[in-house]
Amino acid sequence: DGGITQSPKYLFRKEGQNVTLSCEQNLNHDAMYWYRQDPGQGLRLIYYSQIVNDFQKGDIAEGYSVSREKKESFPLTVTSAQKNPTAFYLCASSISPYYSPLHFGNGTRLTVT
Amino acid sequence: KQEVTQIPAALSVPEGENLVLNCSFTDSAIYNLQWFRQDPGKGLTSLLLIQSSQREQTSGRLNASLDKSSGRSTLYIAASQPGDSATYLCAVRPNYGGATNKLIFGTGTLLAVQP
Chain A
1 DGGITQSPKY LFRKEGQNVT LSCEQNLNHD AMYWYRQDPG QGLRLIYYSQ IVNDFQKGDI
61 AEGYSVSREK KESFPLTVTS AQKNPTAFYL CASSISPYYS PLHFGNGTRL TVT
Chain B
1 KQEVTQIPAA LSVPEGENLV LNCSFTDSAI YNLQWFRQDP GKGLTSLLLI QSSQREQTSG
61 RLNASLDKSS GRSTLYIAAS QPGDSATYLC AVRPNYGGAT NKLIFGTGTL LAVQP
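So the protein sequences, as listed, match chains A and B. Sequential numbering of the first sequence, starting at 1, is according to the working numbering. Sequential numbering of the second sequence, starting at 1, is according to the working numbering.
Treat the hints as calculated values from the structure; they're not laboratory data. Quantities reported herein were computed from a predicted structural model and do not represent experimental measurements. Hints are supplied without guarantee of correctness; some may be wrong.
[Claimed, not checked] Dumping the calculated DSS-like pairs for lysine-lysine here, alpha-carbon to alpha-carbon at most 30 Å:
1. B:K42 - A:K83
2. A:K71 - B:K42
3. B:K68 - A:K9
4. A:K14 - B:K42
5. A:K70 - B:K102
6. A:K14 - A:K57
7. B:K1 - A:K9
8. A:K9 - B:K102
9. B:K68 - A:K57
10. B:K102 - A:K71
11. B:K102 - A:K57
12. A:K70 - B:K42
13. A:K71 - A:K57
14. B:K42 - B:K1
15. A:K9 - A:K57
16. A:K83 - B:K1
17. B:K102 - A:K83
18. A:K70 - A:K57
When you get a sec, could you build the whole thing from the sequences and use the hints?
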């Protein structure tokens, strides 16, 4: 079955460490996205990518970095510069950047202490 | 600045009841609107996508309507079941002279269907 796989499901890190969240899709979608979800707030866009080797900052990109070397993969690195990294991170993809619905993975819950 | 609001934040209904979830947005310049379902600790599942030129979309027991001029969308769930219990989110894609890459999400309505 086609879908979006995020790993790991739970991630624990010490403050000051960088951590990379994995997102892989086998839907042959061109566009991929990273969102952050915090309790009581709507999802907020971190980064998005329309095609391989291209990505754009979203609303809250500070302290995060991404790469898009393959169509199927869009990893997110949470750096030590991110002041409040503890959150639920969601990866999504869509066939085209504008017209088609977003499909989400099951998320990674990151806890930094 | 586009803002999306979902009221109520939580709703509890008995099984079998028909119900309506509300989504309002402040700027009518949207390209499309999407409804999602989120189960606890899980990602979002796409339910319905309504393009700005459409008035409604239907899938099974779900019907979503869009009134762009008044900045409102509703999600109608017929004959609710305990398995419908989840958080329902709506999101709009702004149209700034063309579609944008960004979806603006509401904070969701937590639905509990009591058996």
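Going through the numbered hints above, which ones does this structure break? Give me the numbers in ascending order.
3 and 7
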